[in-house]
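Undergrad: Start from the sequences and build out the full structure, keeping to the hints where you can.
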Amino acid sequence: MEKQLTLNLTKDKLVKMYRQMVEIRLFEEKVFDLYAQNLVPGTIHLYLGEEAVAVGICTTLNKDDYITSTHRGHGHCIAKGAELKRIMAEILGKKTGYCKGKGGSMHIADFKIGMLGATAVVGAGLPIAVGAGLSAKFKKANQVVACFFGEGASNQGTFHESINLAATWRLPVIFVCENNLYAMGTRQSRVMAIENIADRAVAYGIPGIVVDGNDVLAVYETTQKAVERARKGEGPTLIECKTYRHKGHSRVDPAKYRPKEEVEEWLAKDPIKHFKQKLLQTNTLTESEIQQIEKEVSTEIEEVVKFAKESPYPAPEEALEDVYA
Amino acid sequence: MRKITYKEALREALREEMQRDPTVFLLGEDIGKHWGGAFKVTEGLAEEFGDERVRDTPISESAIIGTAVGAAITGMHPVAEIMFGDLTALAMDQIANQAAKIRYMFGGQAKCPLVIRTPFGAGVNIASHHSQSLEAWFMHVPGLHVAVPSTPYDAKGLLKTAIRGNNPVFFCEHKLLYPVEGDVPEEEYSIPFGVADIKKEGADVTIVATLYMVHKALNAAKQLEKEGVDAEVVDPRTLTPLDKEAIVRSVKKTGRLVIVSEDCKTAGVSAEIAAVVAEEAIDYLDAPIKRVAEPDTPIPFSPPLEQYVIPDEKAIIKAVKKVV
Chain A
1 MEKQLTLNLT KDKLVKMYRQ MVEIRLFEEK VFDLYAQNLV PGTIHLYLGE
51 EAVAVGICTT LNKDDYITST HRGHGHCIAK GAELKRIMAE ILGKKTGYCK
101 GKGGSMHIAD FKIGMLGATA VVGAGLPIAV GAGLSAKFKK ANQVVACFFG
151 EGASNQGTFH ESINLAATWR LPVIFVCENN LYAMGTRQSR VMAIENIADR
201 AVAYGIPGIV VDGNDVLAVY ETTQKAVERA RKGEGPTLIE CKTYRHKGHS
251 RVDPAKYRPK EEVEEWLAKD PIKHFKQKLL QTNTLTESEI QQIEKEVSTE
301 IEEVVKFAKE SPYPAPEEAL EDVYA
Chain X
1 MRKITYKEAL REALREEMQR DPTVFLLGED IGKHWGGAFK VTEGLAEEFG
51 DERVRDTPIS ESAIIGTAVG AAITGMHPVA EIMFGDLTAL AMDQIANQAA
101 KIRYMFGGQA KCPLVIRTPF GAGVNIASHH SQSLEAWFMH VPGLHVAVPS
151 TPYDAKGLLK TAIRGNNPVF FCEHKLLYPV EGDVPEEEYS IPFGVADIKK
201 EGADVTIVAT LYMVHKALNA AKQLEKEGVD AEVVDPRTLT PLDKEAIVRS
251 VKKTGRLVIV SEDCKTAGVS AEIAAVVAEE AIDYLDAPIK RVAEPDTPIP
301 FSPPLEQYVI PDEKAIIKAV KKVV
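Quick mapping for you: the protein sequence lines, in order, are chains A and X. First residue of the first sequence: 1, per this note's numbering; consecutive thereafter. First residue of the second sequence: 1, per this note's numbering; consecutive thereafter.
Take these hints with a grain of salt, some might be off.
[To be verified] Restricting the straight-line Cα-Cα distance to at most 20 Å, the calculated cross-link-like pairs of lysine to aspartate or glutamate (EDC-like) are: (1) K252/X - E279/X; (2) K309/A - E29/A; (3) K232/A - E52/X; (4) K30/A - E83/A; (5) K137/A - E225/X; (6) K200/X - E186/X; (7) K139/A - E52/X; (8) K111/X - E318/A; (9) K137/A - E52/X; (10) K111/X - E296/A; (11) K253/X - D230/X; (12) K137/A - D21/X; (13) K111/X - E321/A; (14) K13/A - E294/A; (15) K140/A - E52/X; (16) K140/A - D64/A; (17) K30/A - D322/A; (18) K200/X - E225/X; (19) K137/A - D183/X; (20) K85/A - E296/A; (21) K200/X - D312/X; (22) K321/X - E245/X; (23) K199/X - E245/X; (24) K140/A - D21/X; (25) K160/X - E188/X; (26) K111/X - E234/A; (27) K140/A - D51/X; (28) K273/A - D253/A; (29) K253/X - E225/X; (30) K139/A - D51/X; (31) K200/X - D183/X; (32) K139/A - E29/A; (33) K11/A - E296/A; (34) K139/A - D312/X; (35) K199/X - E279/X; (36) K40/X - E52/X.
[What the hints assert, rightly or not] Short derived list, chain X residues pointing at chain A, Cβ under 8 Å: (37) A71; (38) F106; (39) T297; (40) P304.
Please keep in mind that the hints were generated in silico from the structure rather than gathered at the bench. Note that the Cβ used here is the ideal one computed from N, Cα and C, for glycine as well.
TA: This is the structure we're talking about:
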């Protein structure tokens, strides 16, 4: 019991968090493999290395809470509880995918679990999250919205417009900046004179917090406070999660613009390795329990791939459906 | 029948829909108590429904539309006002990439029942950033409906349909129409989208016109009548969906087509309507299609310059005389 108190989470919850992080990791590695086999049309933006952010944030949310996502969104979907099979099917352009093959990797949504979709326009999700927050306020439903975006998006006008509006109207929105240091190939220091995006919160009169985005428990704890504040009607919070993507920006990017030492330093801070150590050190899980989880997830991913591969493509003329309600 | 202005008709539609449905709310710059909207369309509504449902926003067009999108996909029915049509450019990503595509790219999971109201049109000497007519931009975005009411009756009936629908509607108003009076029944009604209205029947030539140009086309038709030309004036009322059948039916009857639109000519409303008729009724035409539209310039300030670019009755009559 003592160990649970240390982490302030039940064992069930910790196991679920670890499992989700492993799901994201193995899922994304599999997407990468399938891409190499020419089975994934278009492009992919992998969440590898950033697993602690999505899982830390979404663990604080209820099923009816909302999230908005980005082009690098597979991890957000999995953490919010979307079905892996239908995510993978969508990535492969299959009819059984979440969007019946109309969206693909960059546009996955599951409205049934409050996953309001991924936009591939950088910064475009912020005002939409504000609208979902306004909706929650109107309905007095005690819902909150977590809005994911990258540090690159914080230079868009929508960042300013949206946080200002959410702050003014005291809306229940958690603005989650996933700062992975690079907007495509552009290092933050080349386009911003500040180190912390969270500092910008001052301009809107809301709390801005920097957190180690590779530490799932730190993300969880910080977010929980922000969620509590939001549910009490005290308004939004800007949380900046410092993290790093293990791969390049997209499928074609070998990320040669990143110094080798920097990559090594961040790989050593791998969020899953970090969390695993913590779980072992506190005797929350044993090595064999951890192996069991990893084995289960691995089997699950194989089934996911089988489902996606065997699923049919949509009929071409379905391209004409769903334009209007 | 009772006569009210276009502006009052719009306000009535907003009021009645807000009374009917608690999920309907308004947002925009200066639409609340202190101003009532730049053109006073929302005057009195904040007093009646409160600041929560008639929300003054900061000057943040992108956030206004984006917030409306987020609210719409989570069960609300927002009606956003953009103070001048030209300023929709500031919110274009949210309109064209988000509102319009959100249903399609998520495979039909979402509904985005959102109305964007904005005034277009030149004629009040407020120059290039407050005068352009940009309906065609929005016709080019699948997923949006585009309404273009020309009378108080149409304004009220179409706005009700827009608010009750399940799709994003780009609702074009016209600055010069706000004070125009017309018959509006006291009793409840709405006008379906995609149904044109024959504003005047005629046998010799079809004039298709929208928004304020409908009134100029009707004036022109009156003068032409004195000269023995019987013009039919067709008002599509919505550009998306477009009542192609009604336009084609009229052209088949008259054999002649003049299209009058206040937007600039290249790739404009008139180009699309001309293309529809060319594709579907060219064998019925007894003369080339004529278009009366603005030249391809921004709207200038000085009154003689501005009047020069806005299509007028003379230009319509001239075009008609070339084809009859």
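Undergrad: Work down the list of hints and note, for each, if the structure agrees.
TA: How the hints compare with the structure:
| no. | hint | verdict |
| --- | --- | --- |
| 1 | K252/X - E279/X | holds, 13 Å |
| 2 | K309/A - E29/A | holds, 16 Å |
| 3 | K232/A - E52/X | holds, 18 Å |
| 4 | K30/A - E83/A | holds, 16 Å |
| 5 | K137/A - E225/X | violated, 58 Å |
| 6 | K200/X - E186/X | violated, 24 Å |
| 7 | K139/A - E52/X | holds, 12 Å |
| 8 | K111/X - E318/A | holds, 18 Å |
| 9 | K137/A - E52/X | holds, 10 Å |
| 10 | K111/X - E296/A | violated, 37 Å |
| 11 | K253/X - D230/X | holds, 12 Å |
| 12 | K137/A - D21/X | holds, 17 Å |
| 13 | K111/X - E321/A | holds, 14 Å |
| 14 | K13/A - E294/A | holds, 16 Å |
| 15 | K140/A - E52/X | holds, 13 Å |
| 16 | K140/A - D64/A | holds, 13 Å |
| 17 | K30/A - D322/A | violated, 30 Å |
| 18 | K200/X - E225/X | holds, 11 Å |
| 19 | K137/A - D183/X | violated, 39 Å |
| 20 | K85/A - E296/A | holds, 15 Å |
| 21 | K200/X - D312/X | holds, 18 Å |
| 22 | K321/X - E245/X | violated, 25 Å |
| 23 | K199/X - E245/X | holds, 16 Å |
| 24 | K140/A - D21/X | holds, 16 Å |
| 25 | K160/X - E188/X | holds, 10 Å |
| 26 | K111/X - E234/A | violated, 29 Å |
| 27 | K140/A - D51/X | holds, 16 Å |
| 28 | K273/A - D253/A | violated, 25 Å |
| 29 | K253/X - E225/X | holds, 17 Å |
| 30 | K139/A - D51/X | holds, 16 Å |
| 31 | K200/X - D183/X | holds, 16 Å |
| 32 | K139/A - E29/A | violated, 40 Å |
| 33 | K11/A - E296/A | holds, 18 Å |
| 34 | K139/A - D312/X | violated, 49 Å |
| 35 | K199/X - E279/X | violated, 24 Å |
| 36 | K40/X - E52/X | holds, 18 Å |
| 37 | A71 | holds, 4 Å |
| 38 | F106 | holds, 4 Å |
| 39 | T297 | violated, 29 Å |
| 40 | P304 | violated, 37 Å |
Checked against the numbered hints given earlier, the structure breaks hints 5, 6, 10, 17, 19, 22, 26, 28, 32, 34, 35, 39, 40 and satisfies all the rest.
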